[in-house]
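These are the residues of each chain, in order.
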Amino acid sequence: MKSPSHKKRAAPSSRGPSTPAAGAFGIVDCRLEKPDYRVVEVTRNGEFSYEARGDLSAPVPPIRESRYLTPKQHVEIYRWMLLNRRMEAALENLYKQGKVVGGVYFGLGQEGCSCASAYALDKDDWLAPMIRNQGSLLVRGFSPRDIMMQYMAKAGSPTKGRDASSHFGDIYERNVAAPTSMLGELIGVMAGVALGARYQGRNIACMTYIGDGGQSTGIFHESLNFAAVQKLGLVLIVENNLWGYSTPTERQFAIKDLAQRAIAYGIPGVIVDGTDACQVYDAAHEACERGRRGEGATLIEAKMMRMKGHAIHDAAQYVPRPLLEYWQKRDPIARLESYLVKVKKWLTAAENRALIEDVEKQLEADRNFAEASPMPVPEAAAGGVYCDGTCHEIRPKYGLKEIKAKAAAAKIKESQAAVHLK
Amino acid sequence: MAAITYLEAIRQGIWEEMERDPAVFCMGEDIGVYGGAFKVTEGFIHHFGPERVIDTPIAEGALVNAAFGAGLTGLRPVVEFQFIDFIVCAFNQITNMLAKSHYRWGAPAPVVLRGPCGGGVHGGPFHSQNPEMYFVHTPGMKVVAPGTAYDAKGLIKSAIRDNNPVLFLEHKFLYRRIKEELPADDYVVPLGKARVAREGRDVSVITYAAMLQVALEAAEALAREGIEPEVIDLRTLLPLDREAIADTVKKTNKVIVLHEDTRTAGIAGEIAAVINEDAFDWLDAPIVRIASLDTPVPFSPPMEEFFLPKAADVVREARRLKSY
Chain A
1 MKSPSHKKRA
11 APSSRGPSTP
21 AAGAFGIVDC
31 RLEKPDYRVV
41 EVTRNGEFSY
51 EARGDLSAPV
61 PPIRESRYLT
71 PKQHVEIYRW
81 MLLNRRMEAA
91 LENLYKQGKV
101 VGGVYFGLGQ
111 EGCSCASAYA
121 LDKDDWLAPM
131 IRNQGSLLVR
141 GFSPRDIMMQ
151 YMAKAGSPTK
161 GRDASSHFGD
171 IYERNVAAPT
181 SMLGELIGVM
191 AGVALGARYQ
201 GRNIACMTYI
211 GDGGQSTGIF
221 HESLNFAAVQ
231 KLGLVLIVEN
241 NLWGYSTPTE
251 RQFAIKDLAQ
261 RAIAYGIPGV
271 IVDGTDACQV
281 YDAAHEACER
291 GRRGEGATLI
301 EAKMMRMKGH
311 AIHDAAQYVP
321 RPLLEYWQKR
331 DPIARLESYL
341 VKVKKWLTAA
351 ENRALIEDVE
361 KQLEADRNFA
371 EASPMPVPEA
381 AAGGVYCDGT
391 CHEIRPKYGL
401 KEIKAKAAAA
411 KIKESQAAVH
421 LK
Chain B
1 MAAITYLEAI
11 RQGIWEEMER
21 DPAVFCMGED
31 IGVYGGAFKV
41 TEGFIHHFGP
51 ERVIDTPIAE
61 GALVNAAFGA
71 GLTGLRPVVE
81 FQFIDFIVCA
91 FNQITNMLAK
101 SHYRWGAPAP
111 VVLRGPCGGG
121 VHGGPFHSQN
131 PEMYFVHTPG
141 MKVVAPGTAY
151 DAKGLIKSAI
161 RDNNPVLFLE
171 HKFLYRRIKE
181 ELPADDYVVP
191 LGKARVAREG
201 RDVSVITYAA
211 MLQVALEAAE
221 ALAREGIEPE
231 VIDLRTLLPL
241 DREAIADTVK
251 KTNKVIVLHE
261 DTRTAGIAGE
271 IAAVINEDAF
281 DWLDAPIVRI
291 ASLDTPVPFS
301 PPMEEFFLPK
311 AADVVREARR
321 LKSY
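In order, the protein sequence lines correspond to chains A and B.
To convert, note that position 274 of the first sequence is 274 in our numbering; the numbers rise steadily by one, no gaps.
To convert, note that position 292 of the second sequence is 292 in our numbering; the numbers rise steadily by one, no gaps.
These are computed hints drawn from the structure, not numbers from a lab.
Worth double-checking, as some hints may not be accurate.
What the hints assert, rightly or not - Below, a list of computed lysine-lysine pairs in the DSS-like style, where the Cα atoms sit at most 30 Å apart: (1) B:K250 - B:K322; (2) A:K96 - A:K361; (3) A:K411 - B:K179; (4) A:K411 - A:K401; (5) A:K411 - A:K422; (6) A:K308 - A:K361; (7) A:K422 - B:K250; (8) A:K401 - A:K231; (9) B:K250 - A:K413; (10) B:K310 - A:K422; (11) A:K123 - A:K361; (12) A:K96 - A:K308.
Construct the complete structure from the given sequences, taking the supplied hints into account.
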């Protein structure tokens with residue numbers, strides 16, 4: 001979990017755009033660069049492939065100054081991003097050594113989006129990650145060893161070997177809901193968590209993610225509409241990483257920006273550069289505050305690119321080379337590192353080295369722990385399907401007052417009304 | 001005390017649970033001011049308020065996931081499907097999100113999914129279905145199908161108090177057709193327990209929901225000709241009360257399984273397998289299945305009547321079994 005320094009927030013300044021007041025929702029674009037290209041399907045010698053059309057020569061834009069983050073918080077987010085990336089590098093090695101069961105999913109190029117968004121949550125808020133948001137899980141208080149053991153299907157993993165990867169959660173301490181593999185499902189779940197908290201007298205922020213691919217599902221629309229109608233504190237980060245497995249966005253939706261979806265549901269929409277952690281944080285912070293004020297949902301589109309294949313088996317050869325090079329220059333960690341070390345000088349080169357070393361040390365310890373931990377016994381597959389009442393106590397998390405005894409005892413009146421079918 | 005209907009019993013059960021436990025609330029389509037398509041929640045909004053009787057958009061998938069989310073915060077949502085036919089719109093949410101969550105990551109899903117099922121009221125293919133077996137085949141679910149007003153009230157209370165996702169099937173043919181006097185006290189009927197609805201010795205009729213009435217009607221007729229059927233009301237389909245099934249087979253040695261759900265892969269097949277495993281040596285005759293046709297539920301009354309199992313079918317099969 002993040003350090004207490006997170007609580008010290010600088011007063012908002014007038015710099016940069018802010019989400020508009022209720023009733024005047026448009027799209028706020030926070031980016032300092034608006035790339036202009038499209039991916040088109042081309043055919044050469046009877047073979048089809050994708051090509052990027054447009055200007056990909058623009059220089060890398062500066063990091064947008066955060067209106068809220070302290071220097072120390074910048075460094076904390078940077079550390080989470082590093083831990084996120086290097087943990088995934090460790091997982092890749094474990095996979096190559098044959099120690100991972102199944103595949104590995106990466107958030108390469110998206111660490112800034114995962115970590116900075118989750119960093120905006122308070123303790124009582126909730127998070128529901130997608131497969132690439134392993135960084136969000138770290139920020140929320142899970143350790144690299146938890147994720148490693150999930151991938152290695154170990155008995156000591158959060159799901160005790162029953163599910164893989166980021167498919168785990170914690171409803172008591174860390175307030176994390178586990179995903180299913182079906183896309184768009186968590187939006188309604190997070191809306192429901194917000195509803196449950198409000199029922200108990202608390203407005204909280206409930207954050208989840210969806211991709212440019214996942215936003216095509218029916219449940220995305222059902223759930224976003226539900227959250228908007230109920231004015232629930234949903235913070236939906238639409239991670240537009242340009243590829244839904246191998247399908248480019250041009251085959252996924254016909255609008256220009258996915259933030260436009262927000263207008264259709266009557267909630268504010270924001271566009272951020274997903275490789276700029278400061279933009280992501282500020283937008284997420286404002287959306288969370290809006291949720292905590294009980295003003296409703298926000299949709300944030302984070303534009304970036306998935307810098308590896310869908311999973312470890314996928315070499316992503318369908319990605320046009322110039323597009324890959326364009327986004328390689330916009331590496332979120334390199335950008336933030338340069339900002340902290342060179343531009344702001346909030347981190348000396350020596351401190352940066354020490355920080356990286358510290359991250360590596362933590363990962364090594366966790367990797368050793370995960371590797372040494374046992375596999376589950378086969379019989380552990382049985383049981384645990386039902387909650388028998390002794391394994392979990394169900395009680396209102398945010399506290400619920402007893403119902404006051406009504407002056408006149410409530411009597412239910414028999415229904416006499418006409419009904420649909422008799 | 002006046003007798004109350006099956007529908008009224010369910011209304012009272014939910015009402016009393018909401019009075020008892022502030023964590024219980026209702027979500028669904030048209031359940032607030034309108035009181036629900038069948039008026040199960042009529043008047044609830046005036047007493048409990050719109051925070052506890054929530055009208056939702058027509059979006060069953062989002063509704064079920066939202067109920068699950070509210071459940072994660074320690075509440076006990078009761079979700080109404082206007083007709084249970086629409087539950088398939090939330091199939092993924094129920095089977096993958098709710099049913100698997102406790103096993104996968106230790107998160108209970110204390111959610112009741114309830115709504116009117118069944119035919120006999122000329123509702124046609126989309127307002128008459130019996131979708132129980134989709135969910136009986138889903139580990140993590142509980143599936144309940146009461147056949148009497150007493151059980152309907154006692155079982156809805158148990159379903160609400162249960163820590164697991166419970167599909168509560170209310171047979172709409174029974175809603176206002178059957179009545180009985182219920183105890184004034186706060187009673188529950190445990191999930192997973194079948195009931196001997198009529199004692200007998202010659203043949204067992206294992207059934208549930210509206211077909212319970214059909215079985216009892218057939219039993220009356222058979223008794224007049226000297227055949228004494230034992231009628232077992234399953235009440236809960238998952239988990240299945242295997243013990244009660246084996247007990248009745250050991251007593252009568254002949255079995256008819258009767259259900260309104262369609263025949264192929266209906267629960268009769270599962271029950272036949274259970275008997276095969278637990279009481280094969282006590283069988284004196286082949287297990288008989290009586291079920292609806294393997295077709296969608298037809299709309300036109302003569303066709304629907306032909307589609308549904310009838311007491312005459314049970315009488316005919318019981319006579320045939322007698323000769324073994």
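Query raised in the report: Checked against the structure, which of the hints given earlier come out wrong?
Result: 7 and 9
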